[in-house]
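Asks: For the protein sequence lines, the chains are A and B, in the order given. Take 1 as the starting number for the first sequence in our numbering and just add one per residue. Take 1 as the starting number for the second sequence in our numbering and just add one per residue.
In case anyone wonders, no lab produced these hints; they're calculated from the structure. What you were told as hints is all true, and nothing was included just to trick you.
Computed beta-carbon distance windows for the label pairs: (1) A:F290 <-> B:A182: 31 to 39 Å; (2) B:E155 <-> A:N618: 18 to 26 Å; (3) A:D266 <-> B:A182: 42 to 50 Å; (4) A:N540 <-> B:D31: 53 to 61 Å; (5) A:L477 <-> B:A58: 58 to 66 Å; (6) A:V241 <-> B:S185: 20 to 28 Å; (7) A:L312 <-> B:A182: 55 to 63 Å; (8) B:A182 <-> A:D63: 23 to 31 Å.
Where is the CB? At the ideal position from N, CA and C, for every residue including glycine.
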Amino acid sequence: MVIRSIAACLSCCFLVVLACVPPAYAASDLSEADFLVELPTVLTASRLSQPLMDAPNSTNVIDRKQIEASGYHNISDLFRLVPGFYVGQKRGWSHNVSHTFADEFARHIQVMVDGRTIYLATIGGVRWDTLPLSIDDIERIEVVRGPNAASFGANAFTGIINIITRHPDDVAGRMLHLAAGDHDHREAWFRWAGRSQNGSHRITLGDRRDGGFTYQDDDETSQIFNYRGDFDLAAGKTLSVQLGGLAGERGEGADDDPANLPHPQDVSSRHLQLDYQHDLSPENSLHLKFYFNHLLTEEIVPTALSPGFYYLADLLGQRLHLEGQYTQAVGENARTVVGAYLRRDTVRSYLYWNTNEKLNADSWGMFGHIEWRPLAPWLVNLGAFWEDHELVGQFVSPRATLHWQPSLNHSFRIGISKAYRNPVMFEALANANITVLKPDGSVLAQLPYIISSSVIKPESMLSRDIGYLGVWPEAGLTVDLRLFREQFDNFILLDTPGGGPHECPVSTTTPTGARDWCNNGGSLQQGYEFQLKWNPNANNTVMLNHADLRIDANMSETRYSPPQISGLHLMHDFSKGLDLSLSQYWVSGFEAIGQKLIPSYKRLDARLAKRFKVAGLNGQIALVWQNLGDSYTEFNSRYPPQNVFDRRAYVHFQLDF
Amino acid sequence: MPRWIFLCCLFWSLASPASAENVVHLILSEDAAAYQEVANSFRAGIGPRLNVKVWTLADIDVAQVRNLTGGSDLVVPVGVKATRFVAAQHAGQAPVLALMIPRATSEKLKWPAGMSRKKISAVFIDQPPERSLTLVEAAFPAARNVGLVISSENEAVAKALAREAARRNLRLTVETITGPEALPSALRRVLAESDVLLLVPDAVAINASNAQNVLLTTYRFRIPVVGFSQGLTKAGAVVSVYSSPAQIGLQGAQFAARLVEMGELPVPRHARESSFAFNSYVARSLGVVLPSEAEIRRKLESKND
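Just chain A, same shape as in the assembly (with noise of 0.2 Å):
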């Protein structure tokens, strides 16, 4: 009995021992099987994106790694990083990015995010400060320099940013990012990301708080909220969602206009994003895209008349887009992609059309382009994007380039493009009155302000370049080049009361006082845009910017852009996770559209940064100085200018746990 049970204990010692030892085979699952496997093709045709020695326009990249030596904590400050863009300020939180046409709404530009415009349909030019959008969040940015319809849609005009946020898995973690600095300007951000079964997310709540200039009114306090998930479907189908929303308060107003006395403005803006892409093949794929875009603005403005006396200005405007593109590669030497798109723009706002009916402008349209390598040395870019709008009618915005490329490392392009910049509706169906409203909400008056009396036909330009992109990897340099001579037409522009011959002919049918959209006036373009870049180590990076415009214009605003813009960057890499980067601007003086005379100015900012690990956690410092040099204006419409650029300093701590 006993003997029965010690050997019974054993057996069970004996197969418990044996479960616990691991099997001879296990150390190692490697076979030949994994040298032999057949993958499928990961990196498709449609995947890839065009090597920027075949981009039919000169293209920068901002990557992480600028944007992070930078140390900017608004996202257009980025762009004083590529050749002829013009980056200014109105207002503490009114940000102002323009290339080769420097207006106070920066209309001309086509801005998107993740491939969605944001663009703004109501009045035009990009509200900056409603991008619910961390920089950190951001993994490079595309700028284009020139139009593209054919690849970017409508309204890619002087130029296309696209901005690509991190995929969340890039991000995994949590990542605490603080910030204070001059001006009362504080941050907090927070952000998580993470996979689940199903897919990979990415959430960052933010806090931002800034007292803009000194002497204006115009701080501000948002508060921010952005998702991203990407999930995978199946094999070769993902989708990717985006959803986003930022609520805040900006400072309006001045305590010297009577039309416009401080006061707060209630900013509300959210979207929504969805991406599919099904690889069919590692030939072709099918992309689709929808999004919903809405920007609220809401103010009670007090005017001088009397106290109590005020109006509303409050604007909506919201964006419905479905868009379908089909990408196809033609054995090695060409590829092509062809797409159509459906759209709603959606306004209301009593001041600027005097109704509170919700407008909508229509539109829908197709584009397509190809890329082809007919024969060695030679890439052929051929696009053009057709658009129905319902404000404008029809129109095509060709474009055609050619490049030799003598070797891999060399390009040389020349191209011409057609382009046209619609109307916003502000500027094709204004109706705008400042209906003043006594302190019981009863009418007081109604001033006409600006009316669109005539139909406000696109402006239009004929772009014609020649670039060249030049890369020696042993010396790590690389050169880009562009040429470039631009006829406008058609500007749309207010008339100016008692203006000259080339003004917008004034109107019989307009209400005294009010000022017309009108399409009148053109010029001609003509420069050059450089950039250098040097990396003659791994611990250093050289980079020189420099653009010159020269501008021929037959309206009274001749010298709308800075004739010459440039840019030096160092960013140096000292050993132990130190490293200072430092970049000296210089920009010429001009005048914006409707604005006054805006000095030259120099501007130095620098970024010193550590990185260092606490209790196993990767953390950052980093003191970021904007304008170590003499205070400067840029964009005003008021003398003195209120808004003076002083020496700035910040401090930033990043944590990721």
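Following the hints, position chain B against chain A.
Replies: Below, chain B without anything else, positioned relative to chain A:
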């Protein structure tokens, strides 16, 4: 002895395999094309010196293997399954030359205690670290930082690569992972510091199920990948160096010839011959200018691999 018995014995001895050097038994893990290619190339390489018999693992049983390994004929298992089977059932006598198996797996095999090291050898399917790094230098002359993600089992490979990298003035950034869940963050950390990502055979770090995620991540970071197989290059690695089944078979034949001449097998090693696979689409998209195959070979030869 009656003369006819003597003649019969003579005929019998002439007709039957007289010694270990005359017959080779190839045992293929599978009946697939790659294994057949090894067999054909081995046969062509060995010529009339040896009589080659080809078996598939499915057709052979324990008794037959014990019988073969109990004799003196060379046994050549092709692939890991066949090699493991032979190792487990080895009767202790026959020399074994394993073909087309990874080095890491080969080194973990257990052979009968009494067998001489000179009777066991292998031709690996993977590449020596020197060859991988020479490829990195040749294809990416401007690169200074090479990234590597490896599981803890492959520490020896990482050490060998680190030694080689130091000799060539390249900085190797290595992340060691213990399991697949650690891969995404390790990969991101490595990519942030690298000009090029080197993939080495490692069941945890890179396999058929995670290859898509790895390659998409490297593309998002715009970092080119150097792979170790044709499959990886087709999937998206910019360039790979690998030894084809035919090249491995040929190397195996040379080893077998050595056994015939010297009575012992050479030390296990990789195949001397190698091939390259290029992905010109991905190279172009990343702005990588690949040198010609001839130029890469020249560099490989000059490093006296």
